[in-house]
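Asks: For the record, the sequence lines run as chains A and B. 212 is the number that our numbering gives to position 212 of the first sequence; each next residue is one higher, with no gaps. 20 is the number that our numbering gives to position 20 of the second sequence; each next residue is one higher, with no gaps.
Quick caveat, the hints were computed from the structure, so don't treat them as lab data. Heads up, a few of these hints could be off.
DEER-style ranges, computed between Cβ atoms [said to hold, decoys possible]:
1) B/Ala195 / A/Trp7: 16 to 26 Å
2) A/Ala93 / B/Phe197: 48 to 58 Å
3) B/Ile93 / A/Trp191: 48 to 58 Å
4) B/Ala195 / A/Val97: 47 to 57 Å
5) B/Arg260 / A/Ala8: 57 to 67 Å
6) A/Ala8 / B/Gly145: 22 to 32 Å
In this text, a Cβ means the ideal position worked out from N, Cα and C, and glycines have one as well.
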Amino acid sequence: MQSRLGWAVLTIVAVLFFVFIYAPLLVIVVTSFNANPVNMLIWDGFTLDWYRGLLGLGERATDVSNRALYIESTDQLLAAVRNSLTVAAATTAISTVVGTATALALARHRFKGRGVYSGGLLLPMMMPDIVLGIGLLIFFVTIGMQLSLLTIIIGHCTFLISYVYLIVQARLAGLDPALEEASADLGASEWTTFRKVLLPQLAPGILGGALLAFVISMDDLVITYFIAGTGSTTLPVYIFGMIRRGVKPEINAIATMIILASILIAALGLWLRSRKTD
Amino acid sequence: MAAPRERIVLAVLLAPATLILGVFFLLPLLIVALFSVLMPGLYGGVEWAFYHWNYGRIFGWADGLMEIFEPIYLQILLRSLGFATLTVLLCLILCYPVAFWMSRLPERWRLLFLFLVTLPFFSSLIVRLYAWLLILRPSGLLNQGLLALGVVDAPLDILYTPAAVVLGMVYIMVPFMFLPLFAAVDNLDRSLVEASFDLGATRAQTFRKVILPQTLPGIVAGSVIVFIPSVGNFIVPDILGGAKGLMMGNLIEQQFLSARNWPFGSALAMVVMSVVLMVLLTMVARSRRVRG
Numbered sequence: 001m002q003s004r005l006g007w008a009v010l011t012i013v014a015v016l017f018f019v020f021i022y023a024p025l026l027v028i029v030v031t032s033f034n035a036n037p038v039n040m041l042i043w044d045g046f047t048l049d050w051y052r053g054l055l056g057l058g059e060r061a062t063d064v065s066n067r068a069l070y071i072e073s074t075d076q077l078l079a080a081v082r083n084s085l086t087v088a089a090a091t092t093a094i095s096t097v098v099g100t101a102t103a104l105a106l107a108r109h110r111f112k113g114r115g116v117y118s119g120g121l122l123l124p125m126m127m128p129d130i131v132l133g134i135g136l137l138i139f140f141v142t143i144g145m146q147l148s149l150l151t152i153i154i155g156h157c158t159f160l161i162s163y164v165y166l167i168v169q170a171r172l173a174g175l176d177p178a179l180e181e182a183s184a185d186l187g188a189s190e191w192t193t194f195r196k197v198l199l200p201q202l203a204p205g206i207l208g209g210a211l212l213a214f215v216i217s218m219d220d221l222v223i224t225y226f227i228a229g230t231g232s233t234t235l236p237v238y239i240f241g242m243i244r245r246g247v248k249p250e251i252n253a254i255a256t257m258i259i260l261a262s263i264l265i266a267a268l269g270l271w272l273r274s275r276k277t278d
Numbered sequence: 001m002a003a004p005r006e007r008i009v010l011a012v013l014l015a016p017a018t019l020i021l022g023v024f025f026l027l028p029l030l031i032v033a034l035f036s037v038l039m040p041g042l043y044g045g046v047e048w049a050f051y052h053w054n055y056g057r058i059f060g061w062a063d064g065l066m067e068i069f070e071p072i073y074l075q076i077l078l079r080s081l082g083f084a085t086l087t088v089l090l091c092l093i094l095c096y097p098v099a100f101w102m103s104r105l106p107e108r109w110r111l112l113f114l115f116l117v118t119l120p121f122f123s124s125l126i127v128r129l130y131a132w133l134l135i136l137r138p139s140g141l142l143n144q145g146l147l148a149l150g151v152v153d154a155p156l157d158i159l160y161t162p163a164a165v166v167l168g169m170v171y172i173m174v175p176f177m178f179l180p181l182f183a184a185v186d187n188l189d190r191s192l193v194e195a196s197f198d199l200g201a202t203r204a205q206t207f208r209k210v211i212l213p214q215t216l217p218g219i220v221a222g223s224v225i226v227f228i229p230s231v232g233n234f235i236v237p238d239i240l241g242g243a244k245g246l247m248m249g250n251l252i253e254q255q256f257l258s259a260r261n262w263p264f265g266s267a268l269a270m271v272v273m274s275v276v277l278m279v280l281l282t283m284v285a286r287s288r289r290v291r292g
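Starting from the given sequences, assemble the full structure and let the hints guide the process.
Replies: Quick look at the structure:
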């Protein structure tokens, strides 16, 4: 690998690697603007029809029956987006607070069984999501709890608390406890020390954990699939249903918008991380 | 004076997570374990009687009165393990050279490419799988391309095959393999590699004796992180796999949402869970031994 040739081979492999990762996403974005509805890979010119169709403004499929063929209803799609955002917001709030509290407890206190407890906290992350999904389904049905947005929020919290805990805990481990001791020595109460000393230093970790929780909650399909009631379909479950019924040009449009939104979120995350290192 | 107060603070901080995980994580898993040994009811639901044939059925020994001998479930279990193992190996082969390439780049470029590897993780799983549906289906990009180039005369049936399932799993799992692997490769002590060359070792020897042992923790961590979600996956085979690509996840989903045999579905889930726990425990035991 010292040689030029070795480096050239490695570079080619790396280029192919990134083509493998990004080409499929590019295929979706390009086809979402293609006017050809039958063969999406023959370019018939640029169109925004599929985006218009999503918003119920379609000119292509003017009669109601034809439009219904392409996309069930714009209302359903918007409801799914709304459900996803509601679930993700609630889940992020709960799991960020609970995960941070747990990380604080384990980092600053010593107690019996601490090792087992912190190990157990990682189990929800490692559990295959289908097992968690059916477990929650049986549980909610057995105790007679109606499947709704609330059951989805509960389901997401069970594993997202672990993610937030892990990230905040990593941040806590890198902090200098001397600052907190100094604050206590100068007569600050525990609460003041937490607010004025610990929290500002932890903020990037907490924000990072919250962002990750939001992204994972927005994207979760498997657990939501099992515990979503009839009126509480989220965006991934909705798209999953659409794909199962066949490939439609409107799916390309939704998918492209999701790809763009995710790039924005990832860029936001990168920006937060770069501020942290300043 | 401080001790009781500290205990209260600790209790308050730990109570929410303990409560949520106890009630909505541990309890459901215990219920799955319980359901897996109950008798399925005739019209869905369960009979409250001990019934071990749910497990027997998975391994090919069905209840002589109710079922016939069907090794099909054992086949699907083995296939799931095989697909997951293959996914791990392919991810490893794909990521290892790229991790080396990236570790040699200047700092700025390294950060940029690292960001590019993690970026797809932020975009939706279902969207990324859908892309492969567009590419692999008979009228999809790949077949259109091959037909246009004259490589094939008729569209290839790639979609709904085991190959499509493994390809889809590799695609969604690549970032999870890459990150731990890259961390290990990036921490590699270069002077040891140079020393090995200086002492006259061949490339193969250097790789086997110096590079491989040093990057092994990253390889193990990445493999476990990829294997676990792969073995119970049901979305990828559902979208890209046909009857021959059916995995444990699909079987479990069917038992819950269409066959309505919850006890059998629970037994299948318990098997998947045991596989995962065995992998995790092996890894923990290994890392203890290495450290101790």
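Asks: If you check each hint against the structure, which ones fail?
Replies: none
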